[in-house]
Amino acid sequence: MSFEPKILAILCNWCSYSGADLAGTSRKKYPANVRIMRVMCSGRVDPVFIMKALESGADGVLILGCHPGDCHYTSGNYKTIRRMGMLKKLTEQMGIEDDRIRLDWVAASEGDRFAEIIKDMTEKVKALGPFPRNGGDNG
Amino acid sequence: MKSYTYFPGCSSEATAVGLDISTRAIAEVLGMELKELEDWNCCGSTPYGSLDETESIVIAARNLALAEKTGLDLVTPCSSCFVTLNKARIHMMEKPQLKEKVNAALSAANLEYKGTVKVRLLIEALMSDITTKQISGKVKKPLKGLKVAPYTGCQEVRPRFGFDHPENPVALDDIVTAVGADVVPYPSKCKCCGGSAVIAEEGLTLELMYRLLDDAAKNGAECIVTPCPLCQMNLDAYQGKVNAKYNTKFNLPVLFVTQLIGVAVGLKADQLGLKKNIVSPNKVLAKYL
Amino acid sequence: MEEVRIGVYICDCGANIAGTVDTKKVTEYAQGLDSVVVARNYKYMCSDPGQNLIKDDIREKKLNRVVVASCSPRMHEPTFRRAVQDAGINQYYFQMANIREQCSWVHENKEMATEKAKALVEAAVHRVVFHEPLQTKEVAVNPNVMVVGGGIAGIQAALEIADAGKKVYLVEKEPSIGGHMAMFDKTFPTLDCAACILTPKMTTVGQHPNINLLSYSEVEEVSGFVGNFKAKIKRKARYVDETKCTGCGECSKVCPVHVDNEFDVGLSQRSAAYIQSPYAVPNKAVIDKKGNSPCRVACPAGVNAHAYVALISQGKFKEALEVVRKSIPLAGVVGRVCYHPCEGECERATVDEGLTIRDLKRFVADYEMKIGREKAGPAEITKEDRVAVVGSGPAGLACAFDLIKKGYRVTVFEKSEKAGGLMRYGIPNFKLPENIVDNEIEYIKELGVEIQTGTAVKDIARLFNQGYKAVFLGTGAGKNHKLGIPNEDNQNVFPALSFLYKINSGDKISIGDRVIVIGGGNMAVESARAAWRLGARDVTVVYRKSEAEIPASDSEVEEALNEGIKFKYSTAANEIIVRDGKVSGVKCISEEKGQQSAEFVLDADSVINAVGQEIDKTELPGEMAYSDLGYLQVDPITLESNISGVFAGGENVAGQLDVIASVAAGKAAAESIGRYLSGVDMREGRSDNMPRVSNIKKDKVKPKSRVAMPKLELSKRQGNYHEVDLGFDESTAIEEAKRCLNCAVCSECMLCEKACEADAIKHDMKEQTLEIEIGSIIVATGFQQFDPEVMYNYGYNRFDDVLTGLEFERLSNASGPTDGVVIKKNGEKPQSVAILHCVGSRDENYHKHCSRVCCMYSLKYSHLLREKLPDADIYQLYIDMRCPGSGYEEFYLRLQEEGVNFVRGRAAEVTNTAETPEEQGKLIVLCEDTLVRKKIRLPVDMVILSCALEPSEGSAQIGKVLSISKKADGFFLEKHPKLDPVSTMTDGIFIAGCCQGPKDIPDTVAQASAAAARALAMISMNKVEIEAATSEIIDELCSGCRICNTLCPYGAITFNEAKGISEINQVLCKGCGVCVSACPSNAIKGNHFTTKQLIAEIEGVLA
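Protein chains in written order, with my numbering: chain H, 1 to 139; chain S, 10001 to 10289; chain X, 20001 to 21103.
Extracted from the complex, chain H is given alone in its bound form:
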């Protein structure tokens, strides 16, 4: 049985969550590995969430917000960029592959793009294998 990764996607209510809904109403197909949770703004995403997710069973974490300049709350996504940047520096040191944690932007009208990102992320994380949350020994 080939490895099926679990990917947690945290989506912001206004843009990316709507974009994901649009992918749904347009019946765009993408892999079922992703599990979505909703926050109001990508700026709500605490780096701790990402670490918690990886610890709890996610092999990859995807944060999707509004395109820079289009944040419903004006500037929330800019904070997200900075936070994720800092987090990446840490995770790099820890040896976590860059492709496991991804920050991207999806507008409310971009159902196609949402599906493409999920496909791409799933493929990439699949290729990386399970996240070694117990020191390389995946029980």
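No lab work stands behind these hints: they were computed from the structure.
The reader is advised that the hints may include incorrect statements.
[To be verified] Simulated pairs of lysine-lysine, DSBU-like, Cα-Cα distance not exceeding 30 angstroms:
id, chain 1, residue 1, chain 2, residue 2
1, S, K10191, X, K20848
2, X, K20698, S, K10189
3, X, K20110, S, K10099
4, H, K29, S, K10095
5, H, K29, X, K20978
6, S, K10191, X, K20754
7, X, K20024, H, K119
8, H, K28, S, K10114
9, H, K28, X, K20702
10, H, K124, S, K10114
11, H, K29, S, K10099
12, S, K10118, H, K124
13, S, K10218, X, K20825
14, X, K20704, S, K10218
15, H, K119, X, K20825
16, X, K20702, S, K10189
17, X, K20848, S, K10189
18, H, K119, X, K20110
19, X, K20716, X, K20370
20, X, K20848, H, K29
21, H, K28, X, K20978
Mind docking chains S and X on chain H? Use the hints.
Same frame as chain H, now just chains S and X:
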């Protein structure tokens, strides 16, 4: 010195020898290192695709797989080879299943196509990498007063790969200006020369060629310049037949863009394969050679 | 803590979910989760029975948490929250799992989809445990409404609301409301005249007591939230007092500036002062003034160059000269010798060549002389004090001119026999004829300035004793520099100043055949040219530096070269060689490239020393203070010297100066003297920085070189001092002035002010900001027409007679540029017209969408053409005919019966290359008639392009201000495309009309009424619920680090100095949570998205 993998294309060894000779000649002068692709095969062009699409992509992909090994951009002077190879690349990029199939076939020759090689048209490489500024800089004999009608042909601008505008292409015009010659504007600039239909429908294509030649001549052109080997062949080799059918006296030399550049940078006629042109350019180019 | 009792409900949604997700398995799974009391599966949870299931369970099973796994919470979260609340528990004790849009609809693998659904349900179950009973807030609703955009949508919405008795602010960025509909001729399918049905509504808007029409205004900033918005509106300056303007249009008639008329889509011109259309509301003029034109800003003396050029272009020469004389006297002088910094800034130079602004000034001065100048009336003397001016050069005369206009009595003392200073004595007549100087001085005298010639003045104290209260020294620099080389005092070595003085006085000088002029300024070159006229055959100008560095003007040098004068550059003169007491040559040395080469001798009979001027200190009062360079020392701003009440300016202060700079100095001194004598501070507000206009429209200008100044033939110049530049005639001047780009549009020539009988013109009006408070906003900013110039093959802007739809509307409109007659550019009536559909629409390369109205308006055009040109051949080239709607299909049938030719085939190209004699001179449309499968060539006289509707620029701007989302095609995103087309995602902001998507007028009006109804509903409820999920700071945990303070985009977080902690304003907070994740102490609680809840959700979904 920029290095490229050079894909001459079949016509470079037959009807467009002049293109191949002049391309290699000016490459040296302009600082392009052209390394001919080892063991290249015919790209398949338009005919193969109408027989079997997948197979036609495989034979194009073979060239791409070979080119990938060099790590350099693949450059070809032939518009048709460019479109065929680039289309194959794009199809395989968009359809992973197709790519798998192709690689399955290529594996029989111990080859693999990864999708890393860039396919480029010679004239685009001239414009982007060398730039008209540098070409101007290398001009020894500015072709002052030479009235040139630039004929881009269709394959260079369709489908839209982002280089040059299909309704109003200017790259060739810029090169003509860069070598000091005068661009002759003429309305039929974007009309078809007949392409490969000349084989099956000669009568129809002669009409198209007549209109092009007539328009260029009426607007004062002394010669025509083109990047495409098929356009060059049609307008050059069939000029006599056009004259016979329409009772005209066209005597317009049809030069390859590389030949035009070659004259301007001071190369000699035999270095540029000018003898291969059927309508002789000797008179028109006499004062520059 | 009480026991958590959760009810879980899995919806089938018919087959939408159940078709892919095994809902039974999910329900089973849910039942087995902690704290889940009951788990059910039902076909349609959102239906009444479905909701009742939940409500019954809550009551009977004492549930205190509910999870529904069904569609997107964006769909039905409010529905279920209401149900839960009805049954008696707080609505926030509810969580939804999206297993439709984000699961069953997007996955094919049923097993994986079911596993995923289980995970999502588990996530919701874990999360809901930690939910809290939040209370929603109710806020009052401000009953005022702001409508942005005054087209038909905005007008309709405003009227609906105003008629319901509520107050509306209608903000429109153009000077008049009406939008695009006001430009149309007729409307389909009824063929009502657009203006006829629109203008009554426009008038009502203008007069309605409940509508505050803010025209020529833009919304700059909006803050707040639903029911409580604050908007800042920029009211652009009209420069016309709306309360006084009667809309008579006289200002527009006299305005000399003409620019493209936007209302006629550039097919005609309008003035800078204009009324937008014959039915403008408000029917008030507006002056299009973008700033200050570059030429005007460049003039050191503040002459309004733009204004006089504009007036000349309309043949208003007298008024043009008046404009010059508002700032300076000496127009005829300056118009000949000024170094024209204005021309250096002329934006026309970026198109072809700058205007000959100086020569145009000369023209109007000469014109006045030609037709006879009326004697100038004496200026009104209003002041007691008298002022003395010493020196009648440009500085002195300009100072006197300004002073007499201020009402002071002025006496000018001039030491020479005649007044004029270097203007008369320093510049030869072939450059500046004496009679011009005489005329200008006469004019100044007629104003009342007293000029005493032959009177040198050195004793300042005596002037004050005589009763003058202030003195201006315009004494210039009248002493020639010494060459500093041997033999320079020989009788054949002429200092240029005295050489020119003699020539201009009519004295004879013998200079011999070979003349060397040492120097490089205009004076040197003019001396050389004078020498040539005296008969010298060999004249050489010897200049120390290179050709590029020579200070003489290019035109001066060019003319000298024409006259045969030689120039030797990089050559220094070391010694004048004298033989037998006479000059025989000049020993020179080459100074090329800093290297000195061997000396050589240039033969000469005379030498003219033109190396420069300095002040003659012996001619000035002894008490004066001097700078290090030897010029008069004055305050740089006030121009006051070391002696109180004594001012100085011009060459006596600054050394070599151009005439206009001396004039500017004289004016500055006059200002200082005026203030000095009135006891007003001399320094305040002196540097008046005029902002220079930028972003000048030049794209449609056809290159045309500047006119050449006619010159006296070379053969006629020898032996006399006749003026070389002959000046323009009237038609040339007008032709040249018409090349002006009108950079700032309005030139402030002030003719409108004079023409306005209602005294409504106010050029010093300033932009204002109005702050308003409203409860809701309706955006109705409409569309703009696609510009087909990018579609090269259609020939728009390349061929005459290829028009866009809007251009044709104007052509056909009786109030348009041709009074409704359809004609080609050459004035002929077209015999055949082709209308091309889908230009820019349904096109991968431009706009993918269909613009919805083009088929219908194309039919309309065919009808209008048929009416106006009964015998014309009319073709419509279409892909599909889209005629939905009441009466639309019938309209299509009617047009077919009117004999319009319908060709099914999208046009490929419009060309003018004829292939047959019949095609000569026509526009040929190439297309394929797909119904008969033939390629056709249609030779026609006119082509109309039915262009796409695209989102307007105004929409893009307001979208940014309000932060409302756009769809992929750029139009505003509605809340739900089917069920809620007038709301946006932001509560309280509604959209109507084409800004939401292309549509026709009936649909626009309907949508506008709908948006108005929404706003009215809010207002009638008087209150609105706002989201309870805000963030709050837990006092005890807050360390007062203030990291959160700057994060809030709404300014909701402030620091309480007294308590030492930060606080969040619950009304301003929108609950985004950015501060929550930033707090290092975890002191901020993001209600309904608390860390506890989110972590639980993460753990649940990955379990």
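Consistency of the hints with the structure:
no., hint, in the structure
1, S:K10191 with X:K20848, "27 angstroms, holds"
2, X:K20698 with S:K10189, "29 angstroms, holds"
3, X:K20110 with S:K10099, "28 angstroms, holds"
4, H:K29 with S:K10095, "16 angstroms, holds"
5, H:K29 with X:K20978, "23 angstroms, holds"
6, S:K10191 with X:K20754, "61 angstroms, violated"
7, X:K20024 with H:K119, "28 angstroms, holds"
8, H:K28 with S:K10114, "28 angstroms, holds"
9, H:K28 with X:K20702, "52 angstroms, violated"
10, H:K124 with S:K10114, "17 angstroms, holds"
11, H:K29 with S:K10099, "21 angstroms, holds"
12, S:K10118 with H:K124, "23 angstroms, holds"
13, S:K10218 with X:K20825, "27 angstroms, holds"
14, X:K20704 with S:K10218, "28 angstroms, holds"
15, H:K119 with X:K20825, "57 angstroms, violated"
16, X:K20702 with S:K10189, "25 angstroms, holds"
17, X:K20848 with S:K10189, "28 angstroms, holds"
18, H:K119 with X:K20110, "17 angstroms, holds"
19, X:K20716 with X:K20370, "23 angstroms, holds"
20, X:K20848 with H:K29, "23 angstroms, holds"
21, H:K28 with X:K20978, "20 angstroms, holds"
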